[in-house]
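Using the sequences provided together with the hints, build the complete structure.
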Amino acid sequence: MTQSSHGLTTGAVARRLGVAPTTLRTWDRRYGIGPAAREDGRHRRWTPGDIAVLHEMCRLTSSGIPPAEAARAALAGPAPAPATRPAPAVAALAPVGPEPLPRPTRRPGSGNGLPLGAVRQECRGLGRAAVRLDAWAVDEMLGSVIDQYGLVTAWEEVMAPTLHAVGRKWETSGDRYVEVEHLLSWHVSSALRRAAGPPASGARTGVPPVLLACVPGEQHTLALEALAAGLAGLGLPTLMFGAAVPPEALDQAVRRTGPAAVVLWSQARSTANHPLARHLAEVAWGVKGARARPAVLTAGPGWAGQPLSPGTLRPHGLREALALLRGLCDAAAGVGADTGRPAGADQS
3 MTQSSHGLTT
13 GAVARRLGVA
23 PTTLRTWDRR
33 YGIGPAARED
43 GRHRRWTPGD
53 IAVLHEMCRL
63 TSSGIPPAEA
73 ARAALAGPAP
83 APATRPAPAV
93 AALAPVGPEP
103 LPRPTRRPGS
113 GNGLPLGAVR
123 QECRGLGRAA
133 VRLDAWAVDE
143 MLGSVIDQYG
153 LVTAWEEVMA
163 PTLHAVGRKW
173 ETSGDRYVEV
183 EHLLSWHVSS
193 ALRRAAGPPA
203 SGARTGVPPV
213 LLACVPGEQH
223 TLALEALAAG
233 LAGLGLPTLM
243 FGAAVPPEAL
253 DQAVRRTGPA
263 AVVLWSQARS
273 TANHPLARHL
283 AEVAWGVKGA
293 RARPAVLTAG
303 PGWAGQPLSP
313 GTLRPHGLRE
323 ALALLRGLCD
333 AAAGVGADTG
343 RPAGADQS
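At position 3 of the sequence shown (counting the first as 1) the number is 5 in this note's numbering, and the numbers step up by one without a gap.
These are computed hints drawn from the structure, not numbers from a lab. Among these hints, one or two may not hold up.
Said to hold, decoys possible - Between beta-carbon pairs, the in silico distance windows are:
#	residue 1	residue 2	range
1	ARG74	GLY237	45 to 53 Å
2	ASP332	ARG17	50 to 58 Å
3	SER192	ASP332	43 to 51 Å
4	ARG31	SER192	30 to 38 Å
5	PRO201	GLY145	16 to 24 Å
6	ALA306	THR28	13 to 21 Å
7	ALA333	PRO312	12 to 20 Å
8	ALA251	ALA286	45 to 53 Å
9	GLY199	GLY34	38 to 46 Å
Glycine residues also receive a C-beta, built at the ideal position from the N, C-alpha and C atoms.
Printed below as a string of C-alpha cells:
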C-alpha cells in the first residue's frame, strides 16, 4: 500500500513529482521540508499540504534558487504568481540585442556538483533539475527561458553552458551522469523543435533553403537544431539532415535543391572534413553565364584553428550564423529566378 488515511508514502510522492526519494529525505533532514505526520512514529506520510510545499520547493530550485533559500520560501508559502508575459516577437530571434538575462551567480555548490563556474542563475536551476531527473522541471524551465529571453539568448547563455557542464561531468565521472545528459539533451531538442514550429516553405516564400548537416562521423546535432529554430523564427526555410551525413548524400542534396547556403557542423577536430567543405562550395547550377554556388558555413569547434577553405565562411556562435544566413538568403532570393535553379529547388 502506498497510501493510508495519513497520506502518501515518500516513494509515491517522489514518483508523482519526478524526483528521487533520497532527495525528499535530504530536504526533510536538512531544511525541515518533511511530512506533518509519520505513521507509527517512523514512516513518512505526506498530506496534500505537504505535497504543495514540495511542489513549491521544486519550482524554486528549478529556477536556480539555492535549496536552503528555496526551502525557507516554500515553507513560508508560495509567492503571488507574476503577471503573464507575452511571447517575444520573431524579432527576438534576429541577431540584435535581446533583453539581457539576470547577472551571473557565483553561489558555490548550487549546481548539484556540475562544473558550471560563473553562469546565469537559470543554468544552475536547469542543471539541478537535470541531475535529479526532474523531467517536468527541465521542460518547464526550457520553455520559460525561450519565451522570456528569446531563442538566441536562451541557447547561448542557458542551454549550451548547462549541456557542456553535464558533458564534462560525465567525462570525469566514469559511467555516472549518462542518464542526466540523455534526459537533458532530449528535452533541449524537444524545446527547440517546439520553438521552431512547422517548417517554412521556400516554394511559398521565394527563398532557397538552408541545408543543415553534421559532417560524416559527427553525432552532435543540438547546435544545428538551435540554428534551425532560429531560422524558422526568421521565416527562412531549412532542410535538416541531422547527424553523420555521407558526402554523397550531401552532394546530391545540394544539386537537387540549389540552396542559399550549406551549414556543416563539426563538434571535434577529428570530424572536421575540409575536402567536403571545399567540394560543396564548388558545386554549381544554373544556365551558362549565370551559374550559382552555395555559401558553405563551417560551424562548430571542430573547425577552430584551421584555415578557411575557399568559398567558406565560419560564424562564431548562433547569433552571427543567423545574421550571415539571413543576408545570404536575401541575396539568393533576389537572383534565384535568373539562375535556373535545379528542379525541386525551394521545396522544403
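Hints breached by this structure: 3, 6, 8
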